[in-house]
Structures are given as structure tokens and as C-alpha cells.
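Can you build the whole structure from these sequences, using the hints too?
Note that the protein sequences, when read in sequence, are chains A and B.
Counting with our numbering, you get residues 53 to 511 for the letters of the first sequence.
Counting with our numbering, you get residues 118 to 291 for the letters of the second sequence.
Heads up, a few of these hints could be off.
[Stated by the list, open to error] Partial pick of chain A residues on the chain B-facing surface, computed with a CB cut under 10 Å:
#1 ARG284
#2 GLY286
#3 THR390
#4 GLU504
I should point out that these hints are in silico values taken from the structure, not numbers from a laboratory.
Everything numeric in this text was worked out from a predicted model, so none of it was measured.
Where a beta carbon is used, it is the ideal one built from N, C-alpha and C, also for glycine.
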Amino acid sequence: MKLFIKNIALVSVLSLMTTMAVAQDDKALDLDSLLKQLEQGQFAQNKQNASREKEFAEKRSEQDSMLRDAKQTRNAALNLSEKLETQFEENEFKLADLNEAMNKRLGSLKELFGVLQQVSGDTKSKFQNSIISAQIPGRAEFLDDLAQSMGSTSKLASIEEIERVWFEMQREMTESGKVTKFTTDVIEAGGNKVSKEVLRVGPFALTANGKYLDYNGTTGSVAELIRQPAGRYGDSAAALQASNGDLVEFGLDPTGGSILKLLVQAPSLKERVEQGGTVGYIILAVGAVGLLIALWRFIVLGIEGAKVNRQLKSTTFKSSNALGRVMKARDDYPQADTEALELHLTEAILGEVPKLGRFLQIIKVMSVVAPLMGLLGTVSGMINTFQAITLFGTGDPKLMAGGISTALVTTVLGLVVAIPMTLLYAMLNTRSKNIVYILQEQAAGVIAERAEAQNSSKA
Amino acid sequence: MIEFLETIRDFTETGGQVLLVIGALIFVMWLMILERAMYVFVTHKQYKAAIIAKWQARDERASWNAEQVRQAMISRVSLKLGAGIPIIQSLVALCPLLGLMGTVTGMIEVFDVMAISGSGNARSMASGVSKATIPTMAGMVGALSGVFASSWLSRTTKSERAKLEDALMMERHR
Numbered sequence: 053m054k055l056f057i058k059n060i061a062l063v064s065v066l067s068l069m070t071t072m073a074v075a076q077d078d079k080a081l082d083l084d085s086l087l088k089q090l091e092q093g094q095f096a097q098n099k100q101n102a103s104r105e106k107e108f109a110e111k112r113s114e115q116d117s118m119l120r121d122a123k124q125t126r127n128a129a130l131n132l133s134e135k136l137e138t139q140f141e142e143n144e145f146k147l148a149d150l151n152e153a154m155n156k157r158l159g160s161l162k163e164l165f166g167v168l169q170q171v172s173g174d175t176k177s178k179f180q181n182s183i184i185s186a187q188i189p190g191r192a193e194f195l196d197d198l199a200q201s202m203g204s205t206s207k208l209a210s211i212e213e214i215e216r217v218w219f220e221m222q223r224e225m226t227e228s229g230k231v232t233k234f235t236t237d238v239i240e241a242g243g244n245k246v247s248k249e250v251l252r253v254g255p256f257a258l259t260a261n262g263k264y265l266d267y268n269g270t271t272g273s274v275a276e277l278i279r280q281p282a283g284r285y286g287d288s289a290a291a292l293q294a295s296n297g298d299l300v301e302f303g304l305d306p307t308g309g310s311i312l313k314l315l316v317q318a319p320s321l322k323e324r325v326e327q328g329g330t331v332g333y334i335i336l337a338v339g340a341v342g343l344l345i346a347l348w349r350f351i352v353l354g355i356e357g358a359k360v361n362r363q364l365k366s367t368t369f370k371s372s373n374a375l376g377r378v379m380k381a382r383d384d385y386p387q388a389d390t391e392a393l394e395l396h397l398t399e400a401i402l403g404e405v406p407k408l409g410r411f412l413q414i415i416k417v418m419s420v421v422a423p424l425m426g427l428l429g430t431v432s433g434m435i436n437t438f439q440a441i442t443l444f445g446t447g448d449p450k451l452m453a454g455g456i457s458t459a460l461v462t463t464v465l466g467l468v469v470a471i472p473m474t475l476l477y478a479m480l481n482t483r484s485k486n487i488v489y490i491l492q493e494q495a496a497g498v499i500a501e502r503a504e505a506q507n508s509s510k511a
Numbered sequence: 118m119i120e121f122l123e124t125i126r127d128f129t130e131t132g133g134q135v136l137l138v139i140g141a142l143i144f145v146m147w148l149m150i151l152e153r154a155m156y157v158f159v160t161h162k163q164y165k166a167a168i169i170a171k172w173q174a175r176d177e178r179a180s181w182n183a184e185q186v187r188q189a190m191i192s193r194v195s196l197k198l199g200a201g202i203p204i205i206q207s208l209v210a211l212c213p214l215l216g217l218m219g220t221v222t223g224m225i226e227v228f229d230v231m232a233i234s235g236s237g238n239a240r241s242m243a244s245g246v247s248k249a250t251i252p253t254m255a256g257m258v259g260a261l262s263g264v265f266a267s268s269w270l271s272r273t274t275k276s277e278r279a280k281l282e283d284a285l286m287m288e289r290h291r
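Quick look at the structure:
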């Protein structure tokens, strides 16, 4: 194998050497011919150069005349520029004179136009936020154009335009004193655009069908508020819309809608519960379980109490209720003397008591545990708050406030569960205790009454 | 009258919905207390006289049977006398708890306002603070008013039971 590779290498080297020798031979030939060519070429070039020199000499006079022409054009242009410059300066002076004259003639009027521009700018921004614009659209555009044109060009406002600014301001004033109805497109809470009769109360409130509306100045649209204030305010709005000039009480937002807009940001009950997080849901689950147990015990104890009451009145012992089972002790041990009978009764009562108090302790434990779990949620919420503080600092109270309200919601939920649990425990405990008292203090008495009745009937 | 109702309505609105719950609780509590007081002063007197008359009408008051019957009579009277008192006591205990709940819900509102508008505006937080403090006060008032009544009731049941036990005398030696 090695030998084979060696052979191949040898052959290839040999072939390379032969080709190099051939190439050197060609070059030698070419160099000779090149020298010959160079000699011939120099001769031809000399001839060409001579003819070119002759041509240049002939054209020289022509070049001179062209140079003269160019200089003449330059001088003429210089003259013109000088003349124009002086004219420009003269015009400048004239312009200054004229400006001065104009300022003199405008006098106090100039101040007036400045004021007009400022007033139309201010009024435009006022109109944009005013709910009266929902009734009369397009007022702000006119004032905007006027203010801009007066600011950018030297054009003066016409008397019509000045009078219109006055008119619009007067109209705003007049309209803000009125309670009127008009029809416009209203975006409902669902997103549909519906044409409705809208009631406007001065510059303060927009309502339709007992619902408060919000006017958006930038888009010029009227939308129903997603969250409405308390029902009676809605009723007052509906009453005002339905009335014919009578005096009606009306819930008014004197800030012109900003309080109503804040209302939208207040979370609903469901969102509140969601703020409580996992701990909140666990507390609610505990509460639900507690309620179910309490309901079950209510039913059981209610039935048992009714049966015991019936037993107190009837003459036969039924084993379906606690009192009946206890009083069976008399029939089971008819020969027992009073002391033995008391022992048997106590035994029977001790067998009944745990059944009556069953699961009540769990409800009591729940009423104690629920606020503790609320506390747990509070602490974990505060941990989150402090984590936010370590990350973002105390600069933004909004970041911290969100966590704190989350923490407090769990406290509320804990209390919300604990309060009914405490009450339910008290009620259930009273019921079961009452039945136990009847068993402990009245069973023997009932037996005694029964025995006396039998004795007297025998006698 | 309408003005009075409106004043109440404004008060509950500044105090929040918890105040309504506290109001209902206090109302129920005092209804039960008054019912108990009526029972103690009217119905219980009649019932006690009837029981004593029944005991005096017995031909013998010394046997085991008589002892047990006496026990049952006393137990019935004191059961009727004490009915509902534990519930009144737990209602009294619930009043400050509900007040605490109002405090916490009010504080939530304060922090909500802070979350929306920042801490700069103290006036916007005022409604939350009033919702926090008014229910606390109302809960305290309810609890204080109930504490005296409920302790008087429980004292009365005990003393009435003792009086009845004295009235129904056993005859030891004949």
C-alpha cells in the first residue's frame, strides 16, 4: 500500500517538471517579438504627437476669445448683484418704516388680537372637556383653527370670527344653566351604538334611561358608564327625565364627571374576593363546609327536640328519641331501687349526650380558625408588599397599596366566616344543651310522675 | 319623619354597608332582650305562681318521687327563663367583631383610593376613613348597650332559679 502511494507521488512530480520546461521556452520567444513591437509603436506615437501639437497651435486664438467672453459675463453679474443688494437694503428700511407705521396704527388693537387668540385657545380646551359639546359638536374645531391661524400668520381675524367667539362663549354660559334633552348616539355598556334621548343637566351630568353617561372630549363620543352609582341616584335621573318641569331631586356630580369616572375603577364584590387569593378561597371553603355542617345539625337537633317535646307529653316510651331511650331504663330494670335506678339513668344519659353535641366543636373551631387564617393572608399579603418595596422602593404608593388591600381582604373574609360561625355555634349549642338539660333534670321527674299516676290509679 | 329617615340614610352611607348589618344585629339583639324582659316580668311571674301552687297541692313532699318531680319542675322553669340568653350574649360579642370588619373594609377603601390617586390627596381618603371608624363606634355602642342587659338577664335567671328552689320546700321529716 505504501509503495503504491509513493509511486503515484513520483509520477505526479515528474509530469509537473516537464510542463514547466515547455512554458519557459514560449516566454523566450514572446520577449523577442515584444521588443520589436515596442520599437514600431514608438515611431507611430511620435508622428501622432507632432500632428497634435500643430492642432493646438491653430486653436489658441479661439481659446483666447472664449476667455474674454467669460470675463465679460462675470463682470455683468457682479454689477447686477451689487445693484440688487442695495435695493434689498433699501427695501429693508422701507419695510421697517411700514411695520412701524402699522404698529402705530394698530395700537391697542394689537393687544386685543393677542387676547382674542389666547381666549379662543383657552375656550377650545374648555369646550373639549365640556359635556355641552355632546349636544353641540364642532365648536372646538372653529376655535382651534382661529387660534392657530392667528398665531402663525399675520392675517387678522374678521369681525364675523370675533363675534362668533363671543357667541360661542355666551352660548356655553347660557347652555350651562339649562336642563335639556337631545338625541345622540350613545355607546352602551355592551359596546352597541344606539341613538337615544339624552338628558343633560347643565355642565354637570349626562344621563339616559336612568343611567349616567360619560362624554369623551377627544373622540367626541358619549358612553354609558360601566359601573353606575347606587340605585337611587339612577332612579332620580330617570325621574328627572320623565318629569315635565316639576321639581325633582337629582344626584349630581359637581366635578362634571370625574368622580363618576373614579367609580369605574372601584372593584366589584367578585373582584374583591379574587384579591384575597388562595388564602381567601380556602377561608371561603372552610366557611361553606361549616355552613353545611351547621345546617345538618340544625335539622337533626330540630327533629330531636320536637321528638323529645312530644315524648314529654305522651305516656308511652318510644325508643326513637333520646328521652324515650333514657326512660326505658325504668322498664329495663323494674326491680331496681331508687339508688340503682338513678345509676342506670345516669348511664343512659351519658350515652345520649355525645350524640347531641356531635360536630358542634368543629363549628366552634372553625369560628376560631377563620380569623386566624385571615391573619395568615394578611401577613402573606404584607410579605408581598415588602417584596415590592425591596424591588421598586417606596416611591410609588400605588404599588404598595395594591398589596395592602389584598392583605386586608383576607382579614375581612376571615371575619365574614367567623361571625356567622360564632352565631351558629351559639344557637346550636343552646339547642343541644336544652335537650341535655331535659334529659338530666327531667327524665327522673317524668318517671316519678308516671309512677305516682300509676299508684293513684291503682288506689 | 322623612328628614329623620334621610339622616339615617346619610349616616349609613358614610358608614358603609357594614353599618347596616350592625344596625340589624343591634335591632335583633334588643328585640330579643325586650322579649326576655317581658317574659321575666309578666309570663314568668304567672308560671312561677302556678308551679308553686302545683307543688303545694301535692299530698306528700318527702319521697324520692317528690324530689325528682321538684327537680323537673325547677328545670322546666329555668329552661324557659334562660331560653335565648346564650344567643343574646353571642350577639353582644359579635358587635365589636362586626365593627372590626367595618374598620378593615374601610381601610381597604382607603388603600384603594391610594392605589388609584396616590397618597397626596387626603380629602379623597376621608370617605374610607369614615367607613372605617363609624362602624367601629357603632359596634362598640351596640356591645356596650347589650352587655348590661345580657348580664342583668343571666343574673336574673340564676336568682329566679334559686328563689324557686327555696319556694318549693321539701319536707324532710314528717
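Q. Which hints, by number, does the structure contradict?
A. 2
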